[in-house]
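Chemist: These are the residues of each chain, in order.
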Amino acid sequence: MTILQLIAFTAVKILVIFTMMMLTVSYLVYFERKISAWAQNRLGPNRVGWFGLLQPFADVFKLALKEDIVPTNANKTIHTLAPMIALFVAFTTYAVIPFGPDVTMFGITVPLVVADVNIGILYVLALSSLGVYAITLAGWSSGSKYSLLGGIRSSAQMISYEISMGFSVGGVLLFAGSLRPVAIVQAQQGWMWNAVLQPIGFITFLVSAFAETNRLPFDLPEAEPELVGGFHTEYSSMKFAGFFLAEYANMIIASALIVTLYLGGWQFPYIESFGLPAGLVAIIQVLTFLVKIAFLLFFFIWVRWSIPRFRYDQLMNLGWKVMFPLSLINIIWVACLIMIFNL
Amino acid sequence: MNLRRRKKDLTFWERIYIPEIIKGLALTLRTMFKPKFTVEYPEVKFIPPASYRGRPVLVMEENGKERCVACGLCARVCPPLAIEVQAAETQDEKERYPVKFEINMIRCIFCGFCEEVCPEEAIVMSKDYELSFSSREEALYGKDKLLTPIKQVQDRIDFLRHYK
Ligand code: SF4
Ligand code: SF4
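Those sequence lines, one after another, are chains Z and H. Position one of the first sequence corresponds to residue 4 (the numbering used here), numbered consecutively onward. Position one of the second sequence corresponds to residue 67 (the numbering used here), numbered consecutively onward.
Check each hint, because a few of them may be wrong.
[Unchecked claim] 30 Å max Cα-Cα, derived DSSO-like pairs, lysine-lysine: (1) H:Lys131 <-> H:Lys211; (2) H:Lys160 <-> H:Lys193; (3) H:Lys111 <-> Z:Lys65; (4) H:Lys74 <-> Z:Lys324; (5) H:Lys230 <-> H:Lys217; (6) Z:Lys65 <-> H:Lys102; (7) Z:Lys324 <-> H:Lys89.
[Claimed, not checked] From the derived model, a few chain Z residues whose C-beta atoms are all more than 10 Å from chain H: (8) Tyr30; (9) Glu70; (10) Leu125; (11) Leu133; (12) Ala159; (13) Leu182; (14) Leu200; (15) Val284; (16) Leu318.
[Said to hold, decoys possible] Partial list, computed: chain Z residues near chain H (C-beta under 8 Å): (17) Arg45; (18) Trp305; (19) Ser309; (20) Ile310; (21) Leu329.
I should point out that these hints are in silico values taken from the structure, not numbers from a laboratory. Just so it is clear, the structure is predicted and the values come from calculations on it, not from any experiment. C-beta: ideal position from N, C-alpha, C; glycine also.
Let's have the full structure, built from the sequences with the hints guiding it.
Modeler: As structure tokens, then:
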């Protein structure tokens, strides 16, 4: 593959992923509203377009037409920068997550991942912890006590959950023996999914992912009843939309990451035994990946409308006294498995 | 010794959360497939029961005349002073009738005192809840808008006779 081809293919992949992300994010908002309505015996948005399917666009127009208010005693530069950091982090993380196997097109083998780097998992962890800067800076620069409290909570929450997240990932890395997301997916052949082999790690990672994306039951940075809107109290118009989009983009990334690390990525168990042509297999595998993500996204929304918010001290207790030891136990468990079965 | 388990003492299974969380998730999942309560308003109208207090209206008898005898009690009792009545004489049996009967619908608070105080069952609360005006003058409902054939308010009158 020449350099030119590499650049062309990468550009196409970035474009496809970016548009897919934007579309998914806007429809995720729609489905969030629909599912919340169904869970409460309501109908949900059904006015704009067929079954309300144009609702996301109406929302975007509404937000774009709103006045952009910056509080007088806000730090204007940082106030503007914060939503940009949030969006930037949310969209760049996706670069290392593989959404399909290598495919051969016109005699060239193209891996279906934007950047197949060998430190992929580290990159994801690093960027997702950068995301907390957006929230903390937003809270701090707004010049409002509610925003500040939201931002501080966010950083405290991030610190306590990132540790158990990192340790849970440790278990996965022991099995795969590599930090490359592609290698991690390939290590989960058949039903050897990490979720099956290390259920404790799966649960701790899932819970940490909820905390990491600030979703209920861990949405303390924006806890509406106590903090008005938390870190985005003082945001309006497109800056608010930036945070909103980033939250949903983070949800997609968290789901994609869980699928990659624990649910076998794009693998469809035992598809080789069906003897299908290679192109069809690749399409089925990409679809499998999308279906797995869709299910996890539904799970995220479903949990939001089922479980009440944790109190702050309960959250800290859970993070340090439960999740942290559990993820350590998981590592020992994985080590034992490797020792005994020589995996 | 009484060792009754208190509500706040959780059992082991309750304390590890996960079974309880699954129970909660199952509940919301079941709810998602239940019939919806939503009434899609502009297309489907909500028809209130007889106990509903909508816009106050004047009862019109079968002969096309109002029941009201212009005693002015409703105007007197109305808390926000929304009613204005001007009486005049008539050759009919009831001897008095309102030449002018006006309710200012911006003022009315739908308390139903007028209906309660009226000695003739001449003013009752209807089921009409769709009120909108684009100017103050429009909100002054005169006799033309208030008079309603008795048939339309019969169930409210029956309700009042039964419960008042
Ligand atoms: S309902 Fe109450 S406020 Fe309205 S006209 Fe009657 S007495 Fe006045
Ligand atoms: S209380 Fe009844 S009868 Fe008297 S003025 Fe009012 S509506 Fe007419």
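Chemist: Hint by hint, note whether the structure agrees.
Modeler: A quick look at each hint next to the structure:
| no. | hint | verdict |
| --- | --- | --- |
| 1 | H:Lys131 <-> H:Lys211 | holds (14 Å) |
| 2 | H:Lys160 <-> H:Lys193 | holds (28 Å) |
| 3 | H:Lys111 <-> Z:Lys65 | holds (28 Å) |
| 4 | H:Lys74 <-> Z:Lys324 | holds (20 Å) |
| 5 | H:Lys230 <-> H:Lys217 | holds (20 Å) |
| 6 | Z:Lys65 <-> H:Lys102 | holds (28 Å) |
| 7 | Z:Lys324 <-> H:Lys89 | holds (24 Å) |
| 8 | Tyr30 | holds (18 Å) |
| 9 | Glu70 | holds (27 Å) |
| 10 | Leu125 | holds (30 Å) |
| 11 | Leu133 | holds (30 Å) |
| 12 | Ala159 | holds (21 Å) |
| 13 | Leu182 | holds (30 Å) |
| 14 | Leu200 | holds (19 Å) |
| 15 | Val284 | holds (33 Å) |
| 16 | Leu318 | holds (13 Å) |
| 17 | Arg45 | holds (5 Å) |
| 18 | Trp305 | holds (6 Å) |
| 19 | Ser309 | holds (4 Å) |
| 20 | Ile310 | holds (6 Å) |
| 21 | Leu329 | violated (10 Å) |
Checked against the numbered hints above, the structure breaks only hint 21 and satisfies the rest.
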